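Next come the chains, spelled out residue by residue.
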Amino acid sequence: MPEKILMIALSPTMETGTLARWRKKEGDTVASGDVLCEVETDKATMDYESSSEGTLLKILLPEGGQAKVGDPIAIVGKPGEDIAAILAEGPAKASVSKAAPLKPVAGPAASAAPAAHSSPGGRIKASPLARRLAGTKGLDLRTVKGTGPEGRVVKRDVESMPAAGGAQAAVRPSAPLLKPGPGDEVLPVSRMRQVIARRLSESMYTAPHYYLTVAVGMDELLAARTRLNAGREKKISVNAFLMAICGHALARHPRVNSSWNGETLLQHPTADIGLAVSLPDGLITPVVRDCGRKGIAVIDAELSDLVERARAGKLAPAEYAGATFTISNLGAAGIDEFTAIINPPGSAILAVGAVRKEPVVENDAVVIRQRMRVTLSCDHRIIDGAVGAAFLRELADMLENPLLALA
Amino acid sequence: MSTVTFREALRAALDEEMARDDSVILLGEEVGQYNGAYKVSQGLLEKYGPERVMDTPISEEGFTGIGIGAAIAGLRPVVEWMTFNFSLQAMDQVISNAAKMRYMSGGQFSVPIVFRGPNGPAEFLGAQHSQALQSLFAHFPGLKVVAPSTPADGKGLLKASIRDDNPVLFLESEMMYGLKGEVPEGEHVVPLGVADIKRPGKDVTIVTYSKPVRMALEAAEALAGEGIDAEVVDLRSLRPLDERTVYDSVMRTNRCVVVDESMPFASVGSHIAWLVSRNCFDDLDASVELVSGEDVPMPYNHGLELAAQPSIEKIVSAVKRVLYA
Numbered sequence: 002m003p004e005k006i007l008m009i010a011l012s013p014t015m016e017t018g019t020l021a022r023w024r025k026k027e028g029d030t031v032a033s034g035d036v037l038c039e040v041e042t043d044k045a046t047m048d049y050e051s052s053s054e055g056t057l058l059k060i061l062l063p064e065g066g067q068a069k070v071g072d073p074i075a076i077v078g079k080p081g082e083d084i085a086a087i088l089a090e091g092p093a094k095a096s097v098s099k100a101a102p103l104k105p106v107a108g109p110a111a112s113a114a115p116a117a118h119s120s121p122g123g124r125i126k127a128s129p130l131a132r133r134l135a136g137t138k139g140l141d142l143r144t145v146k147g148t149g150p151e152g153r154v155v156k157r158d159v160e161s162m163p164a165a166g167g168a169q170a171a172v173r174p175s176a177p178l179l180k181p182g183p184g185d186e187v188l189p190v191s192r193m194r195q196v197i198a199r200r201l202s203e204s205m206y207t208a209p210h211y212y213l214t215v216a217v218g219m220d221e222l223l224a225a226r227t228r229l230n231a232g233r234e235k236k237i238s239v240n241a242f243l244m245a246i247c248g249h250a251l252a253r254h255p256r257v258n259s260s261w262n263g264e265t266l267l268q269h270p271t272a273d274i275g276l277a278v279s280l281p282d283g284l285i286t287p288v289v290r291d292c293g294r295k296g297i298a299v300i301d302a303e304l305s306d307l308v309e310r311a312r313a314g315k316l317a318p319a320e321y322a323g324a325t326f327t328i329s330n331l332g333a334a335g336i337d338e339f340t341a342i343i344n345p346p347g348s349a350i351l352a353v354g355a356v357r358k359e360p361v362v363e364n365d366a367v368v369i370r371q372r373m374r375v376t377l378s379c380d381h382r383i384i385d386g387a388v389g390a391a392f393l394r395e396l397a398d399m400l401e402n403p404l405l406a407l408a
Numbered sequence: 063m064s065t066v067t068f069r070e071a072l073r074a075a076l077d078e079e080m081a082r083d084d085s086v087i088l089l090g091e092e093v094g095q096y097n098g099a100y101k102v103s104q105g106l107l108e109k110y111g112p113e114r115v116m117d118t119p120i121s122e123e124g125f126t127g128i129g130i131g132a133a134i135a136g137l138r139p140v141v142e143w144m145t146f147n148f149s150l151q152a153m154d155q156v157i158s159n160a161a162k163m164r165y166m167s168g169g170q171f172s173v174p175i176v177f178r179g180p181n182g183p184a185e186f187l188g189a190q191h192s193q194a195l196q197s198l199f200a201h202f203p204g205l206k207v208v209a210p211s212t213p214a215d216g217k218g219l220l221k222a223s224i225r226d227d228n229p230v231l232f233l234e235s236e237m238m239y240g241l242k243g244e245v246p247e248g249e250h251v252v253p254l255g256v257a258d259i260k261r262p263g264k265d266v267t268i269v270t271y272s273k274p275v276r277m278a279l280e281a282a283e284a285l286a287g288e289g290i291d292a293e294v295v296d297l298r299s300l301r302p303l304d305e306r307t308v309y310d311s312v313m314r315t316n317r318c319v320v321v322d323e324s325m326p327f328a329s330v331g332s333h334i335a336w337l338v339s340r341n342c343f344d345d346l347d348a349s350v351e352l353v354s355g356e357d358v359p360m361p362y363n364h365g366l367e368l369a370a371q372p373s374i375e376k377i378v379s380a381v382k383r384v385l386y387a
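Respectively, the protein sequence lines represent chains A and Y.
Numbers 2 to 408, taken from the working numbering, label the letters of the first sequence in order.
Numbers 63 to 387, taken from the working numbering, label the letters of the second sequence in order.
Hints are computed from structural coordinates only; laboratory data are not their basis.
Computed from a prediction, not measured in an experiment: that's the story for all the values here.
Errors might be hidden in some of the hints.
With a straight-line Cα cutoff of 25 Å, these simulated DSS-like cross-link-like pairs (lysine-lysine) come out [to be verified]:
#, chain 1, residue 1, chain 2, residue 2
1, A, K146, Y, K382
2, Y, K162, Y, K221
3, A, K69, A, K126
4, Y, K264, A, K180
5, A, K315, A, K25
6, Y, K382, A, K126
7, A, K236, A, K315
8, Y, K264, Y, K376
9, A, K25, A, K79
From just these sequences and the hints, can you work out the full model?
If you want it as structure tokens, here you go:
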């Protein structure tokens with residue numbers, strides 16, 4: 002019996018995949034675990050490993066083609082088997098493939114969509130305009146109840162829906178569709194940029210942000226770093242220090258290390274800290290797991306490996322998904338202070354500015370100190386002002402006096 | 063600006079063009095001594111004489127062919143068909159000669175001619191004399207097809223048609239000759255291929271032309287009473303077709319109803335509905351509706367005659383369908 006190979010979700014947010022390269026060709030033997038093809042997801046290019054065995058009878062999706070998750074991309078079976086019946090079926094209804102199951106990632110990003118509305122065949126009837134509007138709003142049409150003939154989703158149905166992010170979401174102003182003016186250049190938008198646009202808008206419009214800023218004395222930490230790096234071939238980065246100390250602070254303030262989950266909170270056992278890494282067109286946040294219980298050198302080693310592979314576009318989804326807290330450091334870019342948008346499923350993000358020598362009043366005398374401003378963006382649904390302030394104060398104290406992290 | 067009837071506006075266009083250009087002549091059945099079956103040409107024989115205003119025998123194929131020959135030879139004839147129903151006698155001349163001459167002579171001969179007269183159903187004329195034939199003419203490349211809805215557009219478009227170097231089918235309507243409207247005096251030329259938004263609106267685009275424009279405007283008024291704001295686009299010419307104005311409107315309203323008194327199969331209306339479906343696909347919130355004449359020979363019974371044509375009620379109903387109202 003020939004078997005359809007379906008496009009699967011190779012990242013938690015993937016809805017469609019672009020076939021980058023077939024590694025098997027028609028007629029090749031396929032064993033379970035063999036890499037069938039490479040698929041460009043919204044974040045990276047991933048290997049697709051087969052869970053089926055047999056002969057690759059037919060490639061349905063050519064290189065460069067796009068398929069929705071659940072659509073067939075190839076047929077595997079015994080040589081010479083009749084595949085006409087499968088070919089006649091056309092696109093399959095979206096379903097979770099049994100191939101290479103991925104561990105679901107906690108948090109809203111991977112939470113189930115509301116009950117779907119679709120016709121029995123799984124095809125969703127929607128006007129072309131409604132389809133386009135749903136796309137710009139980041140809505141899954143399956144979650145929109147259609148009020149047109151035979152349940153067709155029409156413009157008013159999409160407009161009456163809150164933007165993607167759940168029932169608590171505020172209605173997002175619909176994106177104005179601009180006509181290019183004279184001289185305007187229309188540039189295509191990468192998959193990554195679409196994901197950034199959707200996820201950050203979702204965060205900004207659904208999580209009520211507020212911001213706390215504190216100036217931190219950095220002399221002690223920098224001196225400690227110098228001592229630690231003396232004689233080391235590979236210097237430990239300031240970011241590794243920040244991650245380690247944030248890990249300790251989060252362990253003492255578990256509320257900050259939580260996710261909003263509709264009607265409940267998920268309090269995470271480990272501080273999985275993401276670091277925003279900029280890419281030529283976008284950014285990605287590789288995650289160092291369990292920062293609260295790892296030494297600085299270990300964190301630094303993991304971080305530099307992740308950053309290097311992030312810049313090469315080689316991160317696996319599990320390596321950038323599910324940060325419970327995020328750090329964005331624009332100090333190297335010469336920024337003094339800024340506010341960042343929370344990176345779901347985390348509920349706070351730390352925006353780190355540059356370290357500068359500043360005059361500071363100590364014991365009624367002006368002295369020169371190295372200082373750095375950090376701004377914490379908090380999701381008020383989870384972290385009230387006093388909770389956020391207590392966390393940030395303790396974090397600042399630890400940064401000023403790293404020994405406190407061990408206390 | 064003065065308020066005149068449609069027939070007076072057309073007469074003014076003919077008069078002004080004949081005065082402006084000696085090569086403009088008028089020929090057809092009863093255009094001279096009888097002053098025209100619908101009195102469009104009233105007074106022109108007296109003013110311009112029998113060499114330029116010619117009564118012809120009752121032979122459409124003959125005088126249409128004479129007009130085409132005169133156009134090739136350098137005149138700018140206006141051929142009046144007493145109605146477009148009689149143009150069927152002259153189809154071979156129009157389609158095989160007028161439409162093709164410029165192309166097949168490699169541009170050596172042009173055919174600057176206007177064929178004009180009432181088109182479309184009027185009242186109590188029976189199946190053979192109640193036909194809207196624009197889709198036949200619009201089918202053929204090489205012909206321009208113009209269909210005004212107001213006296214002002216009638217005058218401006220007829221002047222532009224006479225000055226055009228290509229054969230132009232100029233569609234009037236028996237039911238429109240008595241309609242009054244403000245018409246600019248003197249040089250008022252409306253270029254071919256430019257549609258006109260007769261009523262701006264934001265909820266739905268009604269695309270139409272010729273006689274049904276008035277009906278669409280009345281339907282829009284009725285819809286306004288229900289809080290529906292309809293835009294009425296008057297195409298004015300079918301060939302060339304001002305697609306941009308139609309698409310821009312549909313992209314604003316996301317909904318389109320085409321109103322056309324042709325019969326529906328392979329018609330101007332069905333073609334426009336296809337164009338909108340294709341070119342505005344991602345902006346449409348509903349499939350394009352077509353309100354057309356019914357797919358039957360025109361009944362003589364007056365109740366059935368009216369039922370076989372577009373109506374305000376049919377337009378209102380189609381608008382509500384595309385609005386899911």
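Here's how the hints hold up against the structure:
no., hint, result
1, A:K146 <-> Y:K382, "holds (20 Å)"
2, Y:K162 <-> Y:K221, "holds (23 Å)"
3, A:K69 <-> A:K126, "holds (16 Å)"
4, Y:K264 <-> A:K180, "holds (18 Å)"
5, A:K315 <-> A:K25, "holds (21 Å)"
6, Y:K382 <-> A:K126, "holds (20 Å)"
7, A:K236 <-> A:K315, "holds (24 Å)"
8, Y:K264 <-> Y:K376, "holds (20 Å)"
9, A:K25 <-> A:K79, "holds (15 Å)"
The structure shown violates none of the earlier numbered hints.
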